[in-house]
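Read top to bottom, the protein sequences are chains Y and X. The first sequence runs 1 to 419 under this note's numbering. The second sequence runs 420 to 654 under this note's numbering.
Worth double-checking, as some hints may not be accurate.
Said to hold, decoys possible - Over 12 angstroms on every C-beta distance to chain X, these chain Y residues come out as not near it, computed from the model:
(1) Ser51
(2) Gly192
(3) Ser325
Claimed, not checked - Listed next, the stretches of chain X that the computed footprint assigns to chain Y, with coverage defined by at least 3 CB atoms under 8 angstroms from CB atoms of chain Y:
(4) 467 to 474
(5) 497 to 508
(6) 530 to 540
It should be emphasised that the hints constitute simulated quantities derived from the structure, not laboratory data. Every value quoted in this text rests on a predicted model; they were computed, and no experiment measured them. Backbone N, C-alpha and C fix where the C-beta goes; we use that ideal spot for every residue, glycine too.
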Amino acid sequence: MPIVLLSVKSLLNRRATAALTILAIAISVALVLGVEKLRTEAKASFANTISGTDLIVGARGGAIQLLLYSVFRIGNATNNISWESYRDLAARPEVAWTIPLSLGDSHRGFRVLGTNADFFRHYRFARKRQLTFAAGGPFAELFDTVLGADAAETLGYKLGDPIVVQHGLGQGGFSKHEDKPFRASGILAKTGTPVDRTVLVSLEAVEAIHVDWRGGARVPGMTVSAEEVRGMDFQPRAITAFQVGLKSKLAVFAFQRRVNEYRKEPLLAILPGAALQELWSLMGTAETALAAISIAVVVTGLLGMLTILLASLNERRREMAILRSVGARPLHIFGLFVVEASALAASGAVLGLALLYLLLVVAQPIVDSRFGLYLTIGAPTMRDLTVIALVVAAGFVAGIIPAYQAYRQSVADGMIVRT
Amino acid sequence: MAGAAVRLSDVRFRWREGDPLVLKIAAFDVAAGERIMIKGPSGSGKTTLLNLLGGVAVPQSGRVSIMDVDIASLRGARRDAFRADHIGFIFQMFNLVPYLSLIDNVTLPCRFAPVRRQRAMARSGSLKAEARRLLGHMELDADALASRPVAMLSMGQQQRVAVARSLIGAPELVIADEPTSALDADIRRSFLDLLFREVGEAGSTLLFVSHDASLEGAFDRAIPLSEINEAGTER
Ligand SMILES: Nc1ncnc2c1ncn2[C@@H]1O[C@H](COP(=O)(O)OP(=O)(O)OP(=O)(O)O)[C@@H](O)[C@H]1O
Ligand SMILES: [Mg+2]
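Using the sequences plus the hints, can you model the full thing?
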């Protein structure tokens, strides 16, 4: 087909405009694919983070907020649960297991989670997978810590390394708990969940580091050495939330009601799945808006292409006339423009895909460390390919407009352009 | 008369309905191998006639035969294919496709004309070689000129490239529409010599449109369009 070759050469001849057009389409395609990628990865990652937990209990507040801070370490709890209430509820006969969660401290940008051995025993992620240790094991001593895979890797900790826990969540705050050094006793294998970026300590340790602290600041004149601390008894006074596994699924709603109607303090129990659903529906509007915006961007890219092709029509009349004189049919002229439009759209779409991968490679560690979302880099999905096919098809359809104009023009002009 | 390269009979043509007739030609023949000049003032319908001969425009009535084929009766696509195979065109100026190389411009008709492609291949072994050969005959050095975009060539060079293109694959008919009018007077003659030589070598018939009376002598016949076209008179 002579027309394909002519189209390519014609585009190469106008490579500056062609390149810009392709780039515009590529960026728009990368945006669409990127948004889609983020959306699906976020959903998958959220859904994989918690598994096998029947209920999550926290202080009364928003269900989504509770889910976010207890499971995803996003945001903070407004209130705690007293130790007594926790023990009381955990002792109910229908309860199979619980995992206490105490949040609020951080270590060099990683959240510190106070919990106990039940965490390692009962926490499940990604379809009931259990936590495994890459090295070491659970806490044995008061100041033992277990590191999530990413936390260990980023901070470069090995087993036995000392760790200084920082109070509050900011980075490099000056109120470090330097007087009570922790030691890495275990490093968890990678899970692809926020656990990877968590530093785990025992509930007692959380209590211990706060023994001479009240209300977030050191009590003047009161210092307790690490040695003295080891001798003390650290019954935790409060936790932030706890996960519950029940003996029977049938008991879920009854237990939820019991928690929500708990007399001694206002509590909230949520079903993680239901709360996630609520979160998705909340994000649904934003998703639709994002999708609409990215489609608008693609349309803009294609409109840019259309503008350029239409604008070139007049300056290309002579070229059309020459082609006609050497035997091109008006249909060839039509084809020339359609092929050019399709080639631009296809190049744009493919470059967009390449751009997406480039972005993924660059953004993967940033998104991972900043948002705890691990973006997998794999073969393009069926959806990606559909988007690309649609863009090429749209380019083809858009090309029909200038192609038809050129067709009519070349029929009217014949072999001689009248100027 | 057998062997007529071009034969028009009872042709009537207007560009649009309601427009005046541009051409009304009762009979006009060009013998194969003849070199004919058609002259006439601006707007008299010379270019229109060439559009009819090329099958780009179709007469409202009458026959336009090229190599004994009535092209007016051919379907659109067949007409275009027929033009590609049998007719080479040279225009006044801007004959070249700006984004194609020198060689690609010369071989362009072969992309649409299988017959001319075969002839060109048979002659020189490859399209490229044939293009070089023709450019050489037109006193153009393909290698020296290859590095520049064709639009950078001088007007005279561009017209000679156009001649090479019109002759590739030796079409039976070469139609030139004022190919010398953009050239300086002193190179017109040599351009015409080259054109004649190559048309002669290819054995093609030449139909040359011009209003430059000084060139008349070189042709077998020089016909004023008004002599064959009655349209202007009865308007
Ligand atoms: N493509 C076209 N569409 C409509 N009208 C046309 C077209 N081409 C030519 N005409 C009209 O046909 C008439 C003859 O024009 P034509 O171009 O054939 O003259 P010409 O003899 O070639 O003139 P010139 O010497 O200036 O090239 C003019 O009135 C012109 O306006
Ligand atoms: Mg003319």
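Evaluation of the provided hints:
no., hint, verdict
1, Ser51, "60 angstroms, holds"
2, Gly192, "51 angstroms, holds"
3, Ser325, "4 angstroms, violated"
4, 467 to 474, "holds (count 3)"
5, 497 to 508, "holds (count 6)"
6, 530 to 540, "holds (count 3)"
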